[in-house]
Amino acid sequence: MTQSIQFSSISEFLDMGGYAFNVWAVYAVFLVFIFVNLVFPIVRRKKILREIKKQSVFEHTDTDSMD
Amino acid sequence: MIGAMSVFMVIGLIWALLFLPPDYQQSFTTRILVIHVAVAGTSLAFFPLMAVAGTITLVWKMKLADMVAKNAAALGAWFSFVTLATGSIWGSVMWGTWWEWTDARLVSMLFQFFLLLSVVALRSAIEDADKAAKACALLSIVGCINVVIIKYSVEWWNVLHQPASPLSMSSDNANGPEFWMATGVMIIAVYLFFIVSLILTTRNEILQREKRSQWVQDIVRAA
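These protein sequence lines are chains H and D, in that order. Last residue of the first sequence: 346 in the numbering used here, with the numbers rising by one and none dropped. Last residue of the second sequence: 245 in the numbering used here, with the numbers rising by one and none dropped.
Source of the hints: derived by calculation from the structure; they are not laboratory data. Careful: at least some of the hints might be erroneous.
In the PhoX-like style, the derived pairs of lysine-lysine whose C-alpha atoms are separated by at most 20 angstroms in a straight line are [claimed, not checked]:
(1) K332/H to K233/D
(2) K326/H to K233/D
(3) K333/H to K233/D
(4) K156/D to K83/D
According to the in silico footprint, chain D covers these stretches of chain H (three or more CB under 8 angstroms from chain D) [stated by the list, open to error]:
(5) 295-301
(6) 313-319
Treat the numbers as computed from the prediction; the structure is a model and nothing was measured. Ideal Cβ placement from N, Cα and C applies to all residues, glycine included.
Model the full assembly from the supplied sequences, consistent with the hints where possible.
Below, the structure written as C-alpha cells:
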C-alpha cells in the first residue's frame with residue numbers, strides 16, 4: 280500500500296475534483312470546532328485567575344483597613 | 023496529551039487532505055467522511071460518559087463527576103452539531119439532499135443534539151445545584167437509550183444513511199486500508215481532542231468552585 284500525493288498542482292488540490300465547496304466547508308467547520316473548544320477554555324482560565332486575583336487583593340486590603 | 027493530540031491531528035489532516043485516493047464513485051468527497059466518521063463516532067461516547075458520571079453523582083455525590091458531566095453536555099452538543107453539519111454537506115452532493123426526515127440515523131442524531139442541549143438547559147433552569155445535578159444525571163442515563171438507537175438505526179431501518187462499511191484489507195473495496203487507516207488516525211485525534219477539551223473546561227470549573235482554597239490562591243499568585 281504505497282500512497283502518494285493525489286494532486287499535481289495547487290489549483291487541482293483546491294478544486295477537490297469539483298467538490299471544492301463541500302470538502303473545504305467541512306474542513307472549515309471542523310477547524311472552527313477544534314479551535315473554539317480549545318482556545319475558549321484557555322482564555323477563560325486566564326480570566327478566572329485574573330478575577331480571583333482581583334478578589335483576593337480586594338479582600339486583603341479590606342481586612343487591612345479593619346485592623 | 024496536548025502534544026499527542028496535535029501530532030495525530032496534523033498527520034490525520036495532511037493524510038486525509040493530500041494522500042487519500044479518490045473513491046471511484048465519490049471522488050474526493052471521502053475526505054469529508056474521514057472527519058464525519060471520527061466526530062460522529064466520538065459523539066456517541068457522551069451519553070454513556072455522562073451516565074457513568076451521573077451514577078457516581080447520584081450514588082456517591084462526588085462533585086468532580088458532576089463537573090465532568092456538566093461540561094461534557096455542552097461539548098457533546100458541539101460534537102452532534104458538527105456531525106450533522108458535515109453529514110449534511112456530504113449528503114447534499116452524494117445523496118442529492120441536505121436532509122431526510124424519514125431517515126432514522128439522521129433524525130436520531132438530531133434528537134441527540136437536542137437532548138444534549140436540553141441537559142444544558144435543564145441545569146441552568148434549576149436553581150438548586152444539587153437538584154440540577156440529580157435531574158441532569160437522570161436525563162443522561164435515559165439518554166443512553168438514544169445512543170443504542172443511533173448505533174443500530176442503519177440496520178433496523180435502512181432508508182438513506184449507509185451502514186458502516188466493513189473494514190477490508192484490499193484496496194479494491196470501498197473501505198480499504200487507505201481509507202480506514204486515515205480515518206483511524208483521525209478518530210484517535212478527535213478522541214484526544216475530546217478528552218483535552220473536557221479536561222480544560224472541567225479544570226476551569228474546579229478553579230471557580232475552589233477559589234477560596236489555598237492551592238488555587240497559590241496558582242493565582244504564581245500566574
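Okay, the hints, checked on the actual structure:
A C-alpha spacing of about 10 angstroms is found between K332/H and K233/D, which places the hinted pair at or below 20 angstroms, so the restraint holds. Between K326/H and K233/D the alpha-carbon distance is near 13 angstroms, which keeps this suggested pair within the 20 angstroms criterion. A hinted pair counts as satisfied when its Cα atoms are at most 20 angstroms apart, and K333/H with K233/D qualifies at roughly 12 angstroms. The straight-line distance between the Cα atoms of K156/D and K83/D is roughly 9 angstroms, inside the 20 angstroms bound, and the hint therefore holds.
Under the rule that three or more residues need a Cβ within less than 8 angstroms of chain D, the assignment of the stretch 295-301 of chain H holds, with 5 such residues. Check result for the stretch 313-319 of chain H against chain D: holds, 4 residues qualifying (beta carbon to beta carbon below 8 angstroms, three or more required).
Violation of the numbered hints given earlier is absent; every hint is satisfied by the structure.
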